[in-house]
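J.: Start from the sequences, fold in the hints, and give me the full structure.
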Amino acid sequence: MSPGGAVVIRLYKVCKEFTAGRTAVSDVTLNIERGEFALLSGPSGAGKTTLLRILFGQEAASSGKAVVNGRNIHRMSGAHLAALRRELGLVFQDARLIERIPVIENIALAAEVCGIARSDARRRASELLELVGLEHAAGELPGSLSSGERQRVSLARAIANDPVLLLADEPTGSLDRATALEILHLLELVNEAGTTVVVASHDAGVTSLLGCRTMRMNEGRVVEEVRPEYAAALAAG
Amino acid sequence: MSWGTLAGQPISYYFRRAFDSIFATPVIAGVTITSIAVSVLLAGSVLLVGSNAYRLVASWGAEGVDLSMYLRAGVDDGRVVELKEQLAADPAVVNVYFISNDEAWMFLAQNLGDSAELLDGLDASILPASLEVTLARTLDADEIEAKLAEWHAWPEVDDLQYNREWTLRFRSALGIVRWVAWALGALALVASIIIVGATFQLAVFSRQEEMEIMRLVGASGMPYWGPVMLAGLIQGIVGSAAAVGLLFLIYRGTAGPLVGQLPMLKGTLAYLAGSQYMTLIIWGAVLGAAGSWLGMRRFGAWK
Ligand SMILES: Nc1ncnc2c1ncn2[C@@H]1O[C@H](COP(=O)(O)OP(=O)(O)OP(=O)(O)O)[C@@H](O)[C@H]1O
Ligand SMILES: [Mg+2]
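Protein chains in written order, with this note's numbering: chain F, 1 to 237; chain W, 1 to 303.
Hint data in this document are derived by calculation from the structure and do not stem from the laboratory. Don't be surprised by glycine CBs; every beta carbon is placed ideally from N, CA and C. Only true hints are included.
Label-pair ranges, simulated between beta-carbon atoms:
1. Gly115/F with Val286/W: 27 to 33 Å
2. Ile194/W with Ser126/F: 44 to 50 Å
3. Tyr230/F with Ala198/W: 58 to 64 Å
4. Ile11/W with Arg221/F: 47 to 53 Å
T.: If you want it as structure tokens, here you go:
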């Protein structure tokens, strides 16, 4: 199931308190192996976003230990954090595109940041646009795209550097059901190509169809875990 | 296309990103360039007016301080030559020459012109012989006083005369010009920093989202902040070049009429020197880069 069986995410008793007594993430211990597709579910305010933000170093855990792709991310900053992020792909509910540069440049820039030559970066960006079905929009500014198309661009950017791990926070949050399913399908394709994918979503209606390993969070804790075999059976109906 | 790399990115990457960001927000770029131009214009005006005022005041005193050392009657020629040599050897003295009774008489007669007949029946010996001394311009008032006291004590010297008030006034005028220039310069500096600081906050604010995205895709160090600094630098150079050009036009427009009104200014008035140009352009560039840096710090985008 996971080539080499390496663990990509290792969390041990991770807690995050923003203000005293207000705990966003509480005592989360979990491992996610290379090649897995995992879903963080749970109601709004459960701590999904916070947990993801800890994983890509946007927030520091208050206590506990977090290792992502072999790097201990406790209080990681500056160049080390940037190096980690170059190994990750990130997708957010609002696609977070640079509005003033064309779609293709948004994708190519991510590759360039990783040291890929400009011409190669642009070629890679074209390929990815084709993959997400937006080759016709390459030269357009993100502002002229629909939210589903923007999310596809964002996804293409996230995988521009063949990330080890793709973290997606509410990737379908602002999309209608059909478009949401398209995005989830793309995420599955990315996963099939070998990238570990972790999706956080409160939208059970769509994500239950994934049939993947699901960790349900509530009030900062992982309160239930559904193994992929079982989830797949549920999804199948 | 690329002429080398910097921190893993080709130089063209920095220029492309810098120009991209300038052209993407033309209004903000315009405001930024204008604010730098205003700052540099301010600094340039102080420099231009200050250096001309200084030159003007200095030219008034260019001849240095002249004094007449009147000798007692009966000092013999040999002694006069000795005194003259002694003065000439003094580092405070630039020039010294002797005017005998007869020469003094002759000058007087010349100056009187038609009225020279007034002198009929008088003897040349009633006018004292003198040594005319030009003092170095580097002396300050105290040094001049000390020299005068020293020479006054010489037994051959009857009296010393020089336009003391004029000298002192000239010296203090030079001092005032210098201080006013420094004070205005400091004011220009503070004003520039405030104006440019505020503009760059605007610029970085408008780019905040983009900077955040850059960090999320793993940009850091030079490839992250380099383009922003470069954009600031470019806008600084454009702004200061515009200011220097404008200053030149203003100078051209005012210097001519000014000389027409005040002919004494002729030959003294001048535009900035090449090194002053360069200083202003560099000042604009520094303002631009420093403004970018401060703006990034302000929004915590500097990491
Ligand atoms: N920066 C912050 N400062 C203070 N409290 C925060 C901050 N970010 C999140 N929280 C709190 O932490 C808790 C968890 O928030 P989080 O965004 O992780 O939930 P979530 O599961 O992602 O919710 P949603 O499904 O609505 O996205 C919430 O109670 C929230 O108010
Ligand atoms: Mg969330």
